[in-house]
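As you go down the protein sequences, you meet chains E and D in turn.
The first sequence maps to residues 7 to 232 in our numbering.
The second sequence maps to residues 7 to 232 in our numbering.
Hints in this document: simulated from the structure, not taken from any laboratory.
Note that the coordinates shown come from a computational prediction; the quantities given were computed from them, not determined experimentally.
Among the clues, some could well be false.
[Claimed, not checked] Per the computed footprint, the stretches of chain E lying under chain D, defined by three or more beta-carbons under 8 Å from a beta-carbon of chain D, are: (1) 46 to 55; (2) 217 to 226.
[Said to hold, decoys possible] Listed below are the simulated SDA-like cross-link pairs for lysine to any residue, each with C-alpha atoms no more than 25 Å apart in a straight line: (3) D/K130 / E/G229; (4) E/K171 / D/K130; (5) E/K171 / D/N200; (6) E/K171 / D/S183.
Note that beta-carbon positions come from the ideal geometry of N, C-alpha and C, so glycine has one too.
2 protein chains.
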Amino acid sequence: MSHIIVTGAGSGLGRALTIGLVARGHQVSMMGRRYQKLQEQEQLLGRAVVGIAADLARHEEVEMAFSAAVAWGGLPEMVIHCAGAGEFGPVGVYTTEQIRRVVESNLISTILVAQQTVKLIGSKGGVLASVLSSAAQAGKANESLYCASKWGMRGFLESLRVELKGSRLRLVNLYPSGIRSEFWDNSDHVDSSNFMTPEDAAAYMLDALEARSSCHVTDLFIGRND
Amino acid sequence: MSHIIVTGAGSGLGRALTIGLVARGHQVSMMGRRYQKLQEQEQLLGRAVVGIAADLARHEEVEMAFSAAVAWGGLPEMVIHCAGAGEFGPVGVYTTEQIRRVVESNLISTILVAQQTVKLIGSKGGVLASVLSSAAQAGKANESLYCASKWGMRGFLESLRVELKGSRLRLVNLYPSGIRSEFWDNSDHVDSSNFMTPEDAAAYMLDALEARSSCHVTDLFIGRND
């Protein structure tokens, strides 16, 4: 049994990952902005999980949330950074508020979560798994803001990987394409009804995150069945 | 139970994939150059496998081998192209024979196997999984010939993926870094003793190749535990 931190655990992929981790016997510290969503998960999953509300784009809140997680379950073996947000449409439509929200939710949170992870388990070792997106592999029409934040994450994480070479903290980068979830509720530029389910994507990811003695998955790309 | 074709099945990763597939209940047509190695696998695995000797760099032999596989197990659901070869050293040392061998074993075989796979199951649908290498992601000293063949494979497969868009045949590209096997027996530029085991790499790959209803792994990168 390991202690694993999952961000964005209240809905969509983060929720499915949390449920899958508990089914595999792990304890999960669930972080997210909306405490009510985390409470629903606590009711479902009982004492194997704890909900910790935090805005992961704010340094003090990330620091406090990680401290609370360690107080509950000890140093984590793995951090899965799944929290994120999107705003979509042609480049001209984004408001300053939308731009700030997407950059903070995706890129800034990745940096702050990585800092805490390195601080806590950089020398002990473990895994930092980050959920990027197929939007980090290519440019996409009506997704310029989202792509910007996801390519930024990728550049940060690839650099961190070089920086961590020889350390015992491993980076795993996960690149799903569109997942069927409330993430798309405010978008009309895609039809998410044929997107992959959070459960299917989570199953592949948890298989890839299983520890083996001589090797580990570094990058996983998942596409939908068209 | 599915019928799966594995090339390079006589040793190393191909052997481990075959053993893992049989353990998961599948039938495997094993292709390779050395019939004796395939016979050893037949003795180990019994009626779940058949060995078919072929030089996969020759069009007629690939065609005959695929015909024999279909005669034995029907149309395959999946083809895993694992066969390959390496020659290493600074750029000046490669002989014409070595250059021919690496390009044929890796790149030409990939094209010929893909042609047969598209011909057989391009409309029915299925999976063509190809084992590339971390040498298809970066340039490496003392591996210029090997990298050339693996980058060539990647370019071919990425183009084929675009060409197959909308078809029911899926491409899965697998990128392990160094695997501990006889592949390295004639090399002295690396110490393969800390490379990943064929069994660990095969386990991740077979997990990633499991079918799910809404999505599929498109690319899997595996690094060794340093």
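Given the hint that E/K171 pairs with D/N200, test it: the Cα-Cα distance must not exceed 25 Å. OK: E/K171 and D/N200 at ~16 Å, within 25 Å.
Does E/K171 pair with D/K130 here, judged by a C-alpha cut-off of 25 Å? 44 Å, violated
Take the region 217 to 226 of chain E, compare each residue's beta carbon with every beta carbon of chain D, and decide whether three or more fall closer than 8 Å. holds (count 9)
Starting from E/K171, check that the Cα of D/S183 is at most 25 Å away, please. At roughly 15 Å apart (the allowed maximum being 25 Å), D/S183 and E/K171 satisfy the hint.
Does the structure keep D/K130 and E/G229 at a Cα separation of 25 Å or less? Distance of about 20 Å is within 25 Å: holds.
Check of the region 46 to 55 of chain E against chain D for coverage (Cβ-Cβ below 8 Å, three residues minimum): The restraint on the region 46 to 55 of chain E is violated, since only 0 of its residues have a Cβ under 8 Å from chain D and three are required.
The structure fails to meet hints 1, 4 from the earlier list, while all remaining hints are met.
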